[in-house]
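Using the sequences and the accompanying hints, generate a full structural model.
Protein chains in written order, with the UniProt record's numbering: chain R, 1 to 198; chain C, 1 to 198.
No wet-lab data here; the hints were simulated from the structure.
Among the hints, a few may not be true.
Which copy is meant is left open, so a pair is good if it fits within one copy or across any two.
[Stated by the list, open to error] Dumping the calculated DSSO-like pairs for lysine-lysine here, alpha-carbon to alpha-carbon at most 27 Å: (1) Lys-54 - Lys-22; (2) Lys-33 - Lys-54; (3) Lys-8 - Lys-33; (4) Lys-157 - Lys-136; (5) Lys-8 - Lys-22.
Number of protein chains: 2
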Amino acid sequence: MYPASLSKLMDELSRLPGIGPKSAQRIALFMVKRGPQDAQRLAEALLAAAANTKRCRECFSLSEEDLCGVCANAGRDHSVICVVEEPRDVLAFERGMSFRGLYHVLGGVISPMDGIGPEQLHLGELLNRLRGDTVKEVILATSSTIEGEATATYLAKLIAPAGVNISRLATGVPVGGDLDYVDEVTLSRALDGRYRVT
Amino acid sequence: MYPASLSKLMDELSRLPGIGPKSAQRIALFMVKRGPQDAQRLAEALLAAAANTKRCRECFSLSEEDLCGVCANAGRDHSVICVVEEPRDVLAFERGMSFRGLYHVLGGVISPMDGIGPEQLHLGELLNRLRGDTVKEVILATSSTIEGEATATYLAKLIAPAGVNISRLATGVPVGGDLDYVDEVTLSRALDGRYRVT
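This is the structure:
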């Protein structure tokens, strides 16, 4: 019922994550209303990002260079590797600026339900990075979900022979979190992990 | 913190209606993960839609031709014009297939708050279409909002000298609507507009 090229754009937009048919229609009509310059700008940004973004050859985080800014930075602590699921997790740490070590992006978690086994993750490359004696500690920062925990357990066993320290992020009450809104499992884990103050 | 071209894409995406920074990040990472072919397809759809979609010269609905499919269709009832705010309203009627007349898209509503006066709407073009004696009725199908009602009142006065019938969509309880969920203003209007069944 809409002109063909507009329907096609709505189709393409509704393939994007979090965009339903209604949002796709809204965005397509917006783009048509704004005119060709805006469409051109967005199209160019899309093509440039897809063409220029690749994976860092060391940590598999996103980068426009062979080696990402973190791996290439001699000022970072190269003795600690923080293992995360996806590139977005690297950003979450970098926003806080509290971690000064390196990263390793797995590219997912082990999830038999989705058909993802250990062989689909960048595990061999992680083991390679543990050769030599530069790395002293590996922090397993996968999510606190069932798959994330299972992946961390699997990784801990896999890495153990390398003889490095292996740690996991603390579980507990979020800073600024109202106890009333914290679920009971988190609360019980926070109790287990309590620390003495005097 | 992300590669420059990826940050640029997130910036562009977050200008779209209904897309916040978090959705923009999600979509950008998805596009990068899917690779250049997908980005190319979306970019082409964007450019084609922006380049090929124009306004019908009669009714200002969206079309790839000078005259849209509705206006060009001799099988439609050319004696009734349904006046709507935006092209998406035309689609809403066309989905139902219950209206067989023509449309006229105003391009908005009179809204002093947003600085939109009658001169920004396609009103002169509507009056032109009422010349001659083809058109017998104008249905004012602007929204049932304050601005929509005010625009309808303004239009009714403007069109009156043309001597055509002027109508407005019925206000009432939506089909399938639970009375419990219908607001009191709608309910009171539905009461006012009640009709005899026996």
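Up to 27 Å between alpha-carbons, please classify Lys-8 paired with Lys-33: within, between, both or neither.
both (16 Å within a copy, 22 Å between copies)
Reference check for the pair Lys-33 and Lys-54, CA-CA at most 27 Å: within, between, both, or neither?
between (34 Å within a copy, 9 Å between copies)
Regarding Lys-157 and Lys-136, is the shortest C-alpha distance of 27 Å or less found within a copy, between copies, in both, or in neither?
Answer is within; shortest intra-copy Cα gap is 16 Å, inter-copy 81 Å.
Homomeric proximity label, Lys-54 with Lys-22: Cα distance no greater than 27 Å
Between copies only: 21 Å across, 32 Å inside.
Could you place Lys-8 and Lys-22 in one of the four classes (within, between, both, neither) given a Cα distance threshold of 27 Å?
Intra 14 Å, inter 25 Å, cutoff 27 Å: intra and inter.
Of the numbered hints stated above, none is contradicted by the structure.
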